[in-house]
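**Student:** Listed below, chain by chain, are the residues.
2 protein chains.
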Amino acid sequence: MGSRVRPDSLVWARFPAWLERHYPQGRATVLSESDIRAAIAAKKAKQESFGHWQYARLLHEWQGLPRGTLFADGVVVPGYPKIGRVQTLTGVLSQFHAPCWVEEKVDGYNVRLFRAGDALYAATRGGLVCPFTTDRLPDLIDPAVFSAHPELILCGEVTGPETPYIEGTSPLVPQGIGFFLFDLMRQGVEGFFPVEERRALARSFGLPAVPFHGRIDPKDLGRLREIVRRLDAQEREGVVLKEDSPRNFRAKYVTGSAELSDIASMTQRYLDVPPEYFTERVLRLALFLEDMEEPDREEWWHRQLGKAFLSALRERIAAARQGRCVGSFCCRFHAQENAVRLLDHLGQIRGHEGETRLVSLQDEGGAWVLRFEKLYRSTTGFLRNALGGSLRFD
Amino acid sequence: MGSRVRPDSLVWARFPAWLERHYPQGRATVLSESDIRAAIAAKKAKQESFGHWQYARLLHEWQGLPRGTLFADGVVVPGYPKIGRVQTLTGVLSQFHAPCWVEEKVDGYNVRLFRAGDALYAATRGGLVCPFTTDRLPDLIDPAVFSAHPELILCGEVTGPETPYIEGTSPLVPQGIGFFLFDLMRQGVEGFFPVEERRALARSFGLPAVPFHGRIDPKDLGRLREIVRRLDAQEREGVVLKEDSPRNFRAKYVTGSAELSDIASMTQRYLDVPPEYFTERVLRLALFLEDMEEPDREEWWHRQLGKAFLSALRERIAAARQGRCVGSFCCRFHAQENAVRLLDHLGQIRGHEGETRLVSLQDEGGAWVLRFEKLYRSTTGFLRNALGGSLRFD
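Quick note, the sequences are listed as chains A and B, same order. Going by the numbering used here, the final residue of the first sequence carries number 634, and the count climbs one at a time with no gaps. Going by the numbering used here, the final residue of the second sequence carries number 634, and the count climbs one at a time with no gaps.
I should point out that these hints are in silico values taken from the structure, not numbers from a laboratory. Any given hint could be a false lead.
Pairs count within a copy or across copies, as identical chains cannot be separated in the list.
[Claimed, not checked] Pairs of lysine to aspartate or glutamate residues, derived as EDC-like cross-links and limited to a Cα-Cα distance of at most 20 Å, are as follows:
no.: 1; residue 1: 283; residue 2: 534
no.: 2; residue 1: 459; residue 2: 483
no.: 3; residue 1: 283; residue 2: 520
no.: 4; residue 1: 322; residue 2: 634
no.: 5; residue 1: 492; residue 2: 634
no.: 6; residue 1: 492; residue 2: 520
no.: 7; residue 1: 286; residue 2: 536
no.: 8; residue 1: 322; residue 2: 430
no.: 9; residue 1: 286; residue 2: 472
Next comes chain A alone, as it looks inside the complex (with noise of 0.2 Å):
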């Protein structure tokens, strides 16, 4: 690691020595703390605080790091990329080119936990600092390993029915939340560490990961069939298929019921949300029926995809008679101004700008609990006009 300069100081990137040999071939990128202040002028960067600690995040890919890239005094955690999808198994086939482990997807939202001086924090996809899963960072994993390996970064999903985030829920929590590692990376360097590593380090320092589902050989599709199988028929989302080689390659495939939740959980928003989020998701479905070869549960596919719409449909349709359109939340944090912070949070992050309204903050038996809601103002503001009898040029 770079020593620190000015602790309440924009340097970024102090650039760390051991980069230069992770990345002989001249990859390695060295960034000053004008090229930071540029990125910002440019508009690719965002500088951002958590309390008194400063940072900035790219909001866009720059100079071949990913978006949602941290920079801080001393400190550059690489944003996580994406992970292309396979939406057929023949896609299993033509990408991968050696056997590949195959591990779960878990459906939550994408963190990167990490440290900087003596603090631990956990960044979300976009780069900004989450101020519920940094306050509840240690209950998600165990801090000794941030000991142990300063320069570590956690990368992982966390969900369960008490994030600020997550509108449906995953089988794997059915209550509270959960933190499930799916990759390492170090401070300052791009490219994750291979899987067994990780595994290792991960039982070591009794990590909790996502399910693993094994090694395959790509070709036998079967095999993997039957594991997606089997996920689908728990509700669970998919995998991610890692290659074990060199190039690491990955990709992740996803069940028909992970498809038919996200419908059903976003229809309560059907309005805010971009309508291709569901023509997608019923294309994918359609897609990964063909590759179930299942012909015998045609109709119960059926009647699962219009449930997903309609019966949604129709709660938001008795919410909206009522009054409003609203999703509600429930965390609990350790500190009081985590949950204040939260709610000033959800307001930058894209998608979520709707109206948030606290319901109430109180201290149920040490800790802070924050309920709160978010008004989905276009689901409501359509059918409240359409129950109220409007006429619509369409």
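Place chain B on chain A using the hints.
**Tutor:** Quick look at chain B alone, frame taken from chain A:
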């Protein structure tokens, strides 16, 4: 009607003297040739031709005239205005203030049939003369009506399995094509004939008209619900309500089965249609089910909605595996040249710009039978990529 000046030149809108009689309150608009030229220069109108006949059409509303208004030497055919939709039966209660006629809404394409000089033409909604409908006009109605009333504009719906535009089918026309009159206008005059006057004229000339479902008190929602429920059970599109009052207010209300049938037929070209086409129909279906108050049919509707998407997508996936996703059309013509004009015309219509491919054009027992395909390029491309195993970053 105004007199012709130079038959082959663009002399527009000879102002008909009787327009002032119809709009004595100063609503009359006098249009000169230079006005129309200015509208063309301002991209509000576009110059078109059909054979040697030249005309202009409005691409946008202009000087109070609706989009689709057509101008030619001595002829002004007003565009057919949009009819607002009530999305719930409550809308009927709140929008209508006097008894109203209930007429069937037929699922097809909107045309205006009119006379110019000695010829009869059919214009589509956008104001383009349709080579197919114009060719077949004498099969749709008895042209005698234009000998008696040359200034009339017959507004109606054309539907059936042998049209160049409709992908679904209407149960009202199981084979060939059919025309259903729903309004009468006069050239150069905005506004419609009163319903009873139109019906009397249609009877005396034997003009086929949209099915008529009586005159109701808008407060009698029970009666309207019964009419709609019966139409829905027969997979018919819905109703247009026309208030029997001087303001001649009108609104449409569509059945759930029509939403399903739109979803199923447009899923044939799933990715060549804006996604909101589907999400809006799903939402309208949910509102329709609320109105019908039939909780015991809930599961049936779930299955139908899922099937509308998934059966059509399964068929498209199979088509993409074989090669391309296309729509196949067959139309009959009296004149070979009109078939050729249609193919040319299809390239100009918004939403039909995709590749149109002639399959065959041949004389079959005295009729020119045109078979053609529309290539659904985005649907084909997406599905072929997905089936080929390509990665997608979404």
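**Student:** Confirm or reject each hint.
**Tutor:** Now the hints, each set against the structure:
1. Proximity of residue 283 and residue 534 under a CA criterion of 20 Å is satisfied in neither setting, with 50 Å inside one chain copy and 54 Å between copies.
2. Within a single copy, residue 459 and residue 483 get their C-alpha atoms as close as 13 Å, which meets the 20 Å cut-off; across copies the closest is 67 Å, which misses it.
3. In the homo-oligomer, the alpha carbons of residue 283 and residue 520 never lie at most 20 Å apart, since the shortest distance is 30 Å inside one protomer and 36 Å across protomers.
4. Proximity of residue 322 to residue 634 under the C-alpha cut-off of 20 Å is restricted to the inter-copy arrangement: shortest distance 8 Å between copies versus 37 Å within a copy.
5. Proximity of residue 492 and residue 634 under a CA criterion of 20 Å is satisfied inter-copy only: 11 Å between copies versus 38 Å inside one chain copy.
6. Taking the shortest alpha-carbon separations for residue 492 and residue 520, only the intra-copy value of 16 Å comes in at or below 20 Å, while the best inter-copy value is 30 Å.
7. Proximity of residue 286 and residue 536 under a CA criterion of 20 Å is satisfied in neither setting, with 53 Å inside one chain copy and 54 Å between copies.
8. For the identical chains of this complex, residue 322 and residue 430 are intra-copy neighbours only, at 13 Å inside a copy versus 56 Å across copies, given an alpha-carbon limit of 20 Å.
9. In this assembly of identical chains, residue 286 and residue 472 lie within 20 Å of each other by CA distance neither inside one copy nor across copies; the values are 40 Å within and 55 Å between.
Hints 1, 3, 7 and 9 from the list above are not met by this structure, while the remaining hints are.
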